[in-house]
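Just so you know, the sequences run in chain order A and B.
With UniProt numbering, the residue at position 303 of the first sequence is 303, and numbering never jumps.
With UniProt numbering, the residue at position 81 of the second sequence is 81, and numbering never jumps.
In case anyone wonders, no lab produced these hints; they're calculated from the structure.
Treat the numbers as computed from the prediction; the structure is a model and nothing was measured.
Note that CB positions come from ideal geometry on N, CA and C, so glycine has one too.
Don't take each hint at face value.
Unchecked claim - Covered stretches of chain B, as calculated for chain A (at least 3 residues, CB under 8 angstroms):
#1 46-60
#2 74-80
#3 161-170
#4 230-240
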Amino acid sequence: MSSAPSVSSAPASPAPRKARPRRLGPGDRIFLTVIIGIPLAALLFFVWLPALASLWLSFTTWDGIDLVDIHWVGLDNYQEIFTNYPPFWPAVRHNVAWLLFTALLPTPFGIFLAYQLDRKIRFTRVYQTAIFLPMVLSLAVVGFIWEIIYNPDTGLLNGLLNAAGSGHHIDWLGNPDLNLWAVLVASGWRHTGYIMILYLAGLKGFDPALKEAAALDGANGRQTFLRVVFPALRPVNVIILVITVMESLRSFDVVYVLGGGIGSKPGMELLSLLITDNILGESSHIGYGSALAVVLLVVSLAAIGTFLVQNFRKEDQ
Amino acid sequence: MTTTVPRPASRPRTRREPQQPKTSSRPRRQTGRHLMLGGIALLWLVPLLWAMYTSLRPYSDTAKHGYLSWPHSLGFDNFTDAWDQSGMPHFFWNSVLITVPSVLFTLLFSSAVAFFVSRFDFRWNIVLLMLFTAGNLLPAQVLVTPLYRLYLLVPLPQWMSDSLLLYNSAWGIIAIHIAYQSGFCTFLLSNYMKTIPKEISEAALVDGAPVWRQFFQIILPLCRPAFAALATLESIWIYNDFFWPLALIETGDKRPVTSALANLQGAYFTNPNLIAAGALMTAIPTLLVYFALQRQFISGLTIGSGKG
Numbered sequence: 001m002s003s004a005p006s007v008s009s010a011p012a013s014p015a016p017r018k019a020r021p022r023r024l025g026p027g028d029r030i031f032l033t034v035i036i037g038i039p040l041a042a043l044l045f046f047v048w049l050p051a052l053a054s055l056w057l058s059f060t061t062w063d064g065i066d067l068v069d070i071h072w073v074g075l076d077n078y079q080e081i082f083t084n085y086p087p088f089w090p091a092v093r094h095n096v097a098w099l100l101f102t103a104l105l106p107t108p109f110g111i112f113l114a115y116q117l118d119r120k121i122r123f124t125r126v127y128q129t130a131i132f133l134p135m136v137l138s139l140a141v142v143g144f145i146w147e148i149i150y151n152p153d154t155g156l157l158n159g160l161l162n163a164a165g166s167g168h169h170i171d172w173l174g175n176p177d178l179n180l181w182a183v184l185v186a187s188g189w190r191h192t193g194y195i196m197i198l199y200l201a202g203l204k205g206f207d208p209a210l211k212e213a214a215a216l217d218g219a220n221g222r223q224t225f226l227r228v229v230f231p232a233l234r235p236v237n238v239i240i241l242v243i244t245v246m247e248s249l250r251s252f253d254v255v256y257v258l259g260g261g262i263g264s265k266p267g268m269e270l271l272s273l274l275i276t277d278n279i280l281g282e283s284s285h286i287g288y289g290s291a292l293a294v295v296l297l298v299v300s301l302a303a304i305g306t307f308l309v310q311n312f313r314k315e316d317q
Numbered sequence: 001m002t003t004t005v006p007r008p009a010s011r012p013r014t015r016r017e018p019q020q021p022k023t024s025s026r027p028r029r030q031t032g033r034h035l036m037l038g039g040i041a042l043l044w045l046v047p048l049l050w051a052m053y054t055s056l057r058p059y060s061d062t063a064k065h066g067y068l069s070w071p072h073s074l075g076f077d078n079f080t081d082a083w084d085q086s087g088m089p090h091f092f093w094n095s096v097l098i099t100v101p102s103v104l105f106t107l108l109f110s111s112a113v114a115f116f117v118s119r120f121d122f123r124w125n126i127v128l129l130m131l132f133t134a135g136n137l138l139p140a141q142v143l144v145t146p147l148y149r150l151y152l153l154v155p156l157p158q159w160m161s162d163s164l165l166l167y168n169s170a171w172g173i174i175a176i177h178i179a180y181q182s183g184f185c186t187f188l189l190s191n192y193m194k195t196i197p198k199e200i201s202e203a204a205l206v207d208g209a210p211v212w213r214q215f216f217q218i219i220l221p222l223c224r225p226a227f228a229a230l231a232t233l234e235s236i237w238i239y240n241d242f243f244w245p246l247a248l249i250e251t252g253d254k255r256p257v258t259s260a261l262a263n264l265q266g267a268y269f270t271n272p273n274l275i276a277a278g279a280l281m282t283a284i285p286t287l288l289v290y291f292a293l294q295r296q297f298i299s300g301l302t303i304g305s306g307k308g
């Protein structure tokens, strides 16, 4: 704030530093303080204060009813989670499976679709809308739709399979070996459209001259994408990577709805569900749930931190 | 106002103009592409069309012939029944009361923060931006217990909440949406505002315009495309959210329509056709928002991020 960079007067000079307005009157300062103060206060009070409180609660034991019953237990919750909480490691495995699946199938597929739709062809809007539509639907609708597809007795999938002559029912959501994959299909159904739209937006801002140059040099479609377009869209790629990681770690809604609410189902344990079970479930173990939440938080922060460092390092210079 | 937006490399592209009319094999390739994209689009619609089909059939028909059968009669009875029997108008109204202020204030707050961090060179800008961005990336479950306790401690006057608390009132849901979502919007808007040339602010400064005029009369109007995109996304997310009402609203009567649908599912679980109709009806507002803002949606999402 002390050293004001000189405001460049020549319009052509490539001034990389941000030009700070030289004079900020008292009115300006009050205005800026107010417009930054209110959102900041809201953010700190409603988001960061609870996040820190969760961190503190993770070192305690509490049934969630009376504040005087909060007892400090140190690292007991964490020790318990890592060594003596059966659903924990399956949940971690499922979260990892979720991440790998989403990163390897729906995300590249969404990018592929965006690249196809970015060419000037007819009906783009129609295709776009159809594939983005699942993102627009509420979870209640998504959950319900997949429920009537996966239902073992009346569902579309088993109906079609029986019609094809296989003869026996498959309990898609009840079988612990199958249900995670069934849910991942539903989740990928939504995720693809989201990635497609974000990438499409990135491609719209892409300089077409680069593509033409590549075409002149004799690059085919695949080469143009892999060698020219994809590397040039690095900022969008970073955003998509973060979204994929965060959505996979936080994934909750689809499983919650398809699993029938609170209470993790065998085969569908996820960290977010275990937290919700312990916090909102019938027998509240707040300290326990908070410790699980902190584990999720730490993993998320690793992703967030990578993103923020990537994103802001350039600006800092 | 300004036509001097310097975007040197990108020349104006019109929508219909083909980019390069050169390869002779183009028409055939296009057919293949249409077949592929059409097939994928159709595949993506199948679940939705199936739900639609179910909702149009009377329960008695499916009970007799099974769900995978040809219809003997189709009609909108399930829709009218779901509308009448579940009190859906009331829950829709709850959703409107939560979604509209949440989206408006999220956009207002985040554009203010984005303005601050992107147009002024203060020392704490990056920390501030990180605080907001990272806040949005925190899992909701990490916040919920302390938030619940906090809401029980914050008193509200009678006219704002009949529970006299932030807990169990729409205000609490609106507050957490604004605080939580402004991170995402701040991040995108600050990227967008960085692409607005400094010369514009400088010209205003030379003319002696105070900062608030720059904000309201120059920057905000220029952000219109970004606002369209964010308004679409945020309306969809906030309207569809059901986690916060589940945790922070006790009375089912006060919940938004997406959470209330669970009630319908509980009460009419034996009649999936009726629930299908109810579920599809809750999707109508988000569909309307998407179709209304679709034109600006994609271009607004660009947010200057493609200019690597």
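So is the region 46-60 of chain B in contact with chain A by the C-beta rule, three or more residues under 8 angstroms, or is the coverage claim wrong?
holds (count 5)
Please check whether the region 230-240 of chain B has three or more residues whose CB lies within less than 8 angstroms of a CB on chain A.
Since three or more residues must qualify, the claim that chain A covers the region 230-240 of chain B holds, with 3 doing so at under 8 angstroms.
Given coverage of the region 74-80 of chain B by chain A, tested with a Cβ cutoff of 8 angstroms and a minimum of 3 residues
Result for this restraint: violated, n = 0.
Closer than 8 angstroms, Cβ to Cβ, for at least three residues: run that test on the region 161-170 of chain B against chain A and report holds or violated.
violated (count 0)
In the structure shown, a violation is registered for the earlier hints numbered 2, 3, in ascending order.
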